[in-house]
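S.K.: Spelled out from the first residue to the last, the chains are:
Protein chains: 2
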Amino acid sequence: MQLQNDLFLRAARGEQTERTPVWLMRQAGRILPEYRAVRNSLSGFIELVRTPEHAAEVTIQPVDLLGVDAAIIFSDILVIPEAMGLPYEMIEKRGPYFPKTVESEADLNKLLGEEAADNLTYVYDAISLTKKNLNGRVPLIGFAGAPFTIFAYMIEGSGSKTFSKARRIFYQNPSFAENFLEKITAATIAYLKNQIRAGADLVQIFDSWAGILPPAQYERFSLKYIDQICNAITEVPVTVFAKGAYFARQAMGKLNCQVVGLDWNMDIAESRKLIGENKVLQGNLDPCALYGSYQSIEDQTKAMIDAFGNHKHIANLGHGVYPDTDPDKVKYFIQTVKKYSQKNAK
Amino acid sequence: MQLQNDLFLRAARGEQTERTPVWLMRQAGRILPEYRAVRNSLSGFIELVRTPEHAAEVTIQPVDLLGVDAAIIFSDILVIPEAMGLPYEMIEKRGPYFPKTVESEADLNKLLGEEAADNLTYVYDAISLTKKNLNGRVPLIGFAGAPFTIFAYMIEGSGSKTFSKARRIFYQNPSFAENFLEKITAATIAYLKNQIRAGADLVQIFDSWAGILPPAQYERFSLKYIDQICNAITEVPVTVFAKGAYFARQAMGKLNCQVVGLDWNMDIAESRKLIGENKVLQGNLDPCALYGSYQSIEDQTKAMIDAFGNHKHIANLGHGVYPDTDPDKVKYFIQTVKKYSQKNAK
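Protein chains in written order, with our numbering: chain F, 53 to 398; chain C, 53 to 398.
Pulled out of the complex, with its shape left as it was, chain F reads as follows:
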């Protein structure tokens, strides 16, 4: 099917576009009353993730309601641990929780690698259905967590300020960590390839906890596996978003990916210099900026567009949109990007 609005994809490929495309991380869910209505009709987050019709519905909501230039499949990075054999729960206001964690070589051996991807049919079905219902309006983004971030959750069992239980393994038993990361990487590559077969037009890798590693360990225990994923995915463009990994920006420039996401701490000009001219940059307005007045949002957004320039940029926030953000403010951000970057592109 021919896309009616392929701005996002053309920009991701590095082509000059008539204006800057825009979408938001966490756009599907959280902020929209229409999302909460769907979710409240179900037993919870995980049922929503597992039910293709509902996942597709909330994936498309922001396209209709906010006017974004891309949809991102409603899912969670933690479906991979579950498919590998480690189920998670989602505890309201606390976040993910794993009743069992991986504590030994024996635990690791019980987990599935590449074959885990076969357990995620509900995601592929959700993608196929979303593609059908989007009917070519905008491209659809698939995604997965970076192996390090997935590893961190599978060892730690929940979010953590320090992830010290997971990170100590890099000092205590690095080869165990490497075996584990390889297994997650194999599952992730198969999973992303299936997402692409089901219709994902681009895939994004989220390294949510990247910022907690010392630079040398980041290179060895995270970037290496992201690199393997980037090399394996040749079918569609790949975006890498490693929150907090400012120290790896130069290395990001050498990844076999098309787009690099920036968080709101990362200076735009400096990031461009470090990452190089070849990559498309995505981001990076502070999610808190959307709590400001309309005028303040407009000023902040214009300043961001000016700093990125009108080429090789996909507008986004520097992190997922915060749950209590007013959807009208989100719309204003999107409209400002569209209008201002168009004017600017001339």
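To be clear, the hints were calculated from the coordinates, so they are not data collected in a lab. Check the hints yourself; a few may be wrong.
Since copy identity is lost for identical chains, a pair holds within one copy or between any two.
Simulated crosslink set (DSBU-like; lysine-lysine; CA at most 35 angstroms straight-line) [as the list claims (entries may be wrong)]: (1) K217 with K391; (2) K381 with K276; (3) K235 with K213; (4) K217 with K354; (5) K217 with K390; (6) K381 with K152; (7) K306 with K390; (8) K390 with K235; (9) K276 with K383; (10) K391 with K354.
Based on the hints, put chain C in the right spot on chain F.
M.R.: Using the frame of chain F, we list chain C on its own:
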């Protein structure tokens, strides 16, 4: 009183020392069974902070038990909000909690500024008593939170992954934020000066949540007030530790302080280049490294010493020592710094 071991102070002043001095953030408390024995005899953390005899006792424990080159007064950065009029609680395993927060201009007007420092006699008494009982063995460090970090807690009411309630004020009502930050700064300067009068040999400013701000906001809402504090404190050397503020390293080099703390994400050579040759650098071993074997700790510590060189460095971790660290491993880190940097200095 003449100090018997003034390595830490001489290094902080930028003098060449016979070996690298070493201490640990959070060395007083947490990891030592001797600390837990004192704490368990009391109603909790806050009673310990408020009782000079006990605070002095646990401050001196790591000097005796671990062999560090400096003591740091056992206290909390949140005594300032309390002294200003906003009491905190410390909830076991959850962290600090403020029953009331600052929500309006009226709330702010009710808070004390400079005069808040008069309410912290128990800290000054703890410092005097510690100095007496240390009997010149090592220098004593006083400390305070950076105004932004204190502001963040006073608005948010607890720790937070995003501090979005506090940070949105920078977009919504920046002049309110500035008035608030000025008041905290006035209280902090008076507080630190009283600590110095009571005997603190150096003061450290902890900007624990620095890493959550976009660079331009960091400059305006945090660094500006740290700068005011640095300019006001002329009696003793000042250390600034802004965790996560990698983007502000160049600006840190221009502060009127002697020592800049590095967290474990910050590349040592790059930080030296950005901060410049004039500052003493403090840090920055990953706290997780102390979970490794003795051999691994030795290797990591030596690599750190080599990277900093044998001048203008105070060895430390890149963050507070984690609570479940084995004290014997901490001792081994300290011994390795002492032996290896001495050998190295020759």
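S.K.: Is it within, between, both or neither when you check K235 against K213 at 35 angstroms Cα-Cα?
M.R.: Both ways: K235 and K213 sit 25 angstroms apart in one copy and 29 angstroms across, limit 35 angstroms.
S.K.: At most 35 angstroms between alpha carbons: which applies to K390 and K235, within, between, both or neither?
M.R.: neither (42 angstroms within a copy, 41 angstroms between copies)
S.K.: When no copy is specified for K306 and K390, does a C-alpha distance of 35 angstroms or less occur within a copy, between copies, both, or neither?
M.R.: Intra 30 angstroms, inter 40 angstroms, cutoff 35 angstroms: intra-copy only.
S.K.: Is it within a copy, between copies, both, or neither that the alpha carbon of K217 lies no farther than 35 angstroms from that of K354?
M.R.: Between copies only: 24 angstroms across chains, 42 angstroms inside a chain, cut-off 35 angstroms.
S.K.: When Cα atoms must be at most 35 angstroms apart, do K217 and K390 count as within-copy, between-copy, both, or neither?
M.R.: For K217 and K390, only the inter-copy Cα distance (28 angstroms) is at most 35 angstroms; the intra-copy one is 44 angstroms.
S.K.: As a check of your reading, is K381 near K276 (CA-CA no more than 35 angstroms) within one copy, between copies, both or neither?
M.R.: between (38 angstroms within a copy, 30 angstroms between copies)
S.K.: At most 35 angstroms between alpha carbons: which applies to K391 and K354, within, between, both or neither?
M.R.: Cα proximity of K391 and K354: one copy only (10 angstroms, versus 55 angstroms across).
S.K.: Have a look at K217 and K391 and pick one of within, between, both or neither, based on CA distance no larger than 35 angstroms.
M.R.: between (47 angstroms within a copy, 29 angstroms between copies)
S.K.: Check K276 against K383 for me: Cα-Cα at most 35 angstroms, and say if that holds within a copy, between copies, both or neither.
M.R.: between (38 angstroms within a copy, 34 angstroms between copies)
S.K.: Checking an output row: K381 and K152, CA cutoff 35 angstroms. Within, between, both or neither?
M.R.: Classified as between; 29 angstroms across copies, 40 angstroms inside a copy.
Of the numbered hints given earlier, the model fails hint 8 alone.
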